[in-house]
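Engineer: Assemble the whole structure, with the sequences as input and the hints as a guide.
Below are the chains, spelled out letter by letter.
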Amino acid sequence: MTRVVRVAAGQGFWGDSLDAPRQQVEGGPIDYLMLDYLAEVTMSILQKQKERDPKMGYARDFVGAIESVLPAITGKGVRVIANAGGVNPPACAAAVKEMIAKSGAGTVPIGVVTGDDLLPRLDELIAGGHTLANMETGEALDTVRDRVLSANAYIGSVPIVDALKRGAKIVITGRSTDTALTMAPLRHEFGWADDDWDRLAAGIVAGHIIECGAQASGGNCLYDWRNIPNLANVGYPIVEVTEDGSFFVTKHAGTGGRVSFHTVAEQLVYEMGDPVSYITPDVIADFSTIRLEELGGDRVRVHGIKGRPATDKLKVSVAYRAGFKAVGTLVYSWPNALEKAQVADNILRSRLERLGLRFDEILTEFVGASATHGALASAVPEGKRVRAPDHPEVQLRVGVRGEDRAAVERFTREIAPLVLNGPPSVTGFAGGRPKVEEIVAYWPALIDKTVVQPQVEVLE
Amino acid sequence: MKIRLLDIAHARSGDKGDTANVGVIVNRKEWFAVMDRELTTERVTKHFEGMITGTVERFALPNLGALNFLLHGALGGGGTVSLKTDAQGKVYSTALLRLEIDVPDDEARSLGMRRKR
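For the protein sequence lines, the chains are C and E, in the order given.
So for the first sequence, the working numbering puts the first residue at 818; every next one is plus one.
So for the second sequence, the working numbering puts the first residue at 285; every next one is plus one.
Hints should not be assumed to be uniformly reliable.
Derived lysine-lysine pairs resembling DSSO-like cross-links, with alpha carbons at most 30 angstroms apart [what the hints assert, rightly or not]: (1) E:374 <-> E:330; (2) C:1252 <-> E:374; (3) C:1132 <-> E:374; (4) C:1123 <-> E:368; (5) E:313 <-> C:1123; (6) C:982 <-> C:1123; (7) E:368 <-> C:1252; (8) E:368 <-> C:865; (9) E:330 <-> C:865; (10) C:919 <-> C:872; (11) C:867 <-> E:368; (12) E:368 <-> C:1132.
Derived contacts from chain C toward chain E, CB cut-off under 10 angstroms, selection only [what the hints assert, rightly or not]: (13) 1042; (14) 1089; (15) 1090; (16) 1121; (17) 1140; (18) 1189; (19) 1192; (20) 1193; (21) 1216; (22) 1220; (23) 1253; (24) 1256; (25) 1258.
Partial chain C-side listing against chain E, Cβ under 8 angstroms, derived [as the list claims (entries may be wrong)]: (26) 857; (27) 1039; (28) 1043; (29) 1079; (30) 1104; (31) 1148; (32) 1182; (33) 1183.
Rather than coming from a laboratory, the hints here were simulated on the basis of the structure.
We put the CB at the ideal spot given by N, CA and C, even for glycine.
Structural biologist: And the structure:
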């Protein structure tokens, strides 16, 4: 019989369903549970937490997730791989270890992958000629160096494979790529070679399909959305992979949601750039070679994937402080809701000007009329005359952004007065004054692979 | 016959920095040729005129019956910098599906394309 390795997704981002990990280990047979916690924004939030407390800086939810699946780890041999370590994998591992010790489940070997954190080495790297230029603007990192909060290289599957080889039942990483978390167990189980580009590419595609959790199994799916059954009990996706790199996407029997050509295809195009070159630290995968075959019964076969040699660079995600922002809202009701909101916006803007407040940007949106689709929302089809809609209500949403915290703060005090001294039929201000938020911006860069040396430790 | 993209395709969008991507997938494989022919870079650029500050890039995935568009400068700076409701470009997908393409009546009929109401 062909050997199959089952990797199940139990978390698509930090803040995803708390029950999903347990449902994945209890709903049917799986070999690995893959939990993805990190997004671009997450690392900087974690860095701020670590600054306040050196024992923090990881996804705290993960400790509870491991607790909820502990019987499956110790009883059924399910292994867990997660990038929950954030900017502090050792602290995350220590917290998990402590929880396991308290639970009386005995010892569970925990693999800890580090080396992605470039923050302590940043000045040395810049001095050594690594400009870490912004991939979008070309600017050198020097220009924002004093405002940098975190800097992490996206590392691939190799150190995770190493941790699994050394017997880790739980592997905790920092800024691993999302796809590496799925790829690593496949490389470990099947022994795929470092230059087996097609199989490695297949592993990346499998990872991409399940890295956003239920977004591959019926969640957030536009195609036939009304008829996708029982999202209240949605089954998270599972890949069943064979040695040749072909695999099935499925979910546990008896769960809600759907796995079909269309649910998988929608996830494949999510956050895609050039489909021919999906670049990862392990391989460049060619998404234009993917073959999907819908088999019915919530099973889709995926095969035919081609890959090419990886580049000699790693992507780096830098987070830096970039000023302050605040967003205020008010709701105007029928009749002439949009017009009232527009008048209120004009009044607000002239008051901000009179106060002499300077911002890098002021953005006004009319939620319910044009906030997300702009002029497209009210575009009149050719040859038709349409009366302007009289909306039941429109939310005025005004945001400001700038370097001067005091100016942003002052803006937040200019919203509420409009309730009594602006246009009529206004409500929806119960939330109080808007909050001033510090902006932590994202700076994508590249660095030579040779500079980043991941380390693996297995705690017994 | 004017056909709204929404009537023949579905889509998902996401972000990378200040760039939104929209992957648009035909509901039936046999409709891909029409979408591939009509949904040009120029057409999409015109559709999003005034909504994005950068250029539009287009990639074809015939294997999925899909096209992928990168809309540069679509997110008001992107991520945490953006003041927009849709700072992560999640609903540029349906904004693209508002686009109307012209399909000769005979071709539309033979392919079973219909305008839905």
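Engineer: Given residue 1089 (chain C) as an interface hint, is its Cβ closer than 10 angstroms to any Cβ of chain E?
Structural biologist: holds, 5 angstroms
Engineer: Does the CB of residue 1148 (chain C) sit less than 8 angstroms away from some CB of chain E?
Structural biologist: Violated. Min distance 14 angstroms.
Engineer: Holds or violated: is the Cβ of residue 1182 (chain C) closer than 8 angstroms to a Cβ in chain E?
Structural biologist: holds, 6 angstroms
Engineer: Identify whether the interface hint at residue 1193 (chain C) stands, where standing means a beta carbon of chain E within less than 10 angstroms of its own.
Structural biologist: With Cβ-Cβ at 5 angstroms, under 10 angstroms, it holds.
Engineer: Hey, does the residue 1042 (chain C) contact hint survive, CB to chain E under 10 angstroms?
Structural biologist: Given a least distance of 9 angstroms, the restraint on residue 1042 (chain C) holds.
Engineer: Given a cut of 8 angstroms on the nearest C-beta pair, is the interface hint for residue 1104 (chain C) held or broken against chain E?
Structural biologist: holds, 7 angstroms
Engineer: Is the shortest C-beta separation between residue 857 (chain C) and chain E less than 8 angstroms?
Structural biologist: holds, 6 angstroms
Engineer: Less than 8 angstroms between beta-carbons is the criterion; does residue 1183 (chain C) satisfy it with respect to chain E?
Structural biologist: Where the cut-off is 8 angstroms and the nearest Cβ of chain E is about 10 angstroms from residue 1183 (chain C), the hint is violated.
Engineer: Could you check if residue 1220 (chain C) really has its C-beta closer than 10 angstroms to a C-beta on chain E?
Structural biologist: violated, 12 angstroms
Engineer: Does residue 1258 (chain C) pass the interface check with chain E, least Cβ-Cβ distance below 10 angstroms?
Structural biologist: Nearest chain E Cβ about 5 angstroms off; hint holds.
Engineer: Is the Cα-Cα distance between residue 919 (chain C) and residue 872 (chain C) 30 angstroms or less?
Structural biologist: It holds: about 19 angstroms lies between the C-alpha atoms, which stays within 30 angstroms.
Engineer: Holds or violated: residue 368 (chain E) and residue 865 (chain C), Cα atoms, limit 30 angstroms.
Structural biologist: With a Cα-Cα distance of about 24 angstroms, the restraint between residue 368 (chain E) and residue 865 (chain C) holds, given a limit of 30 angstroms.
Hint violations for this structure: numbers 4, 9, 22, 23, 28, 31, 33, all remaining hints satisfied.
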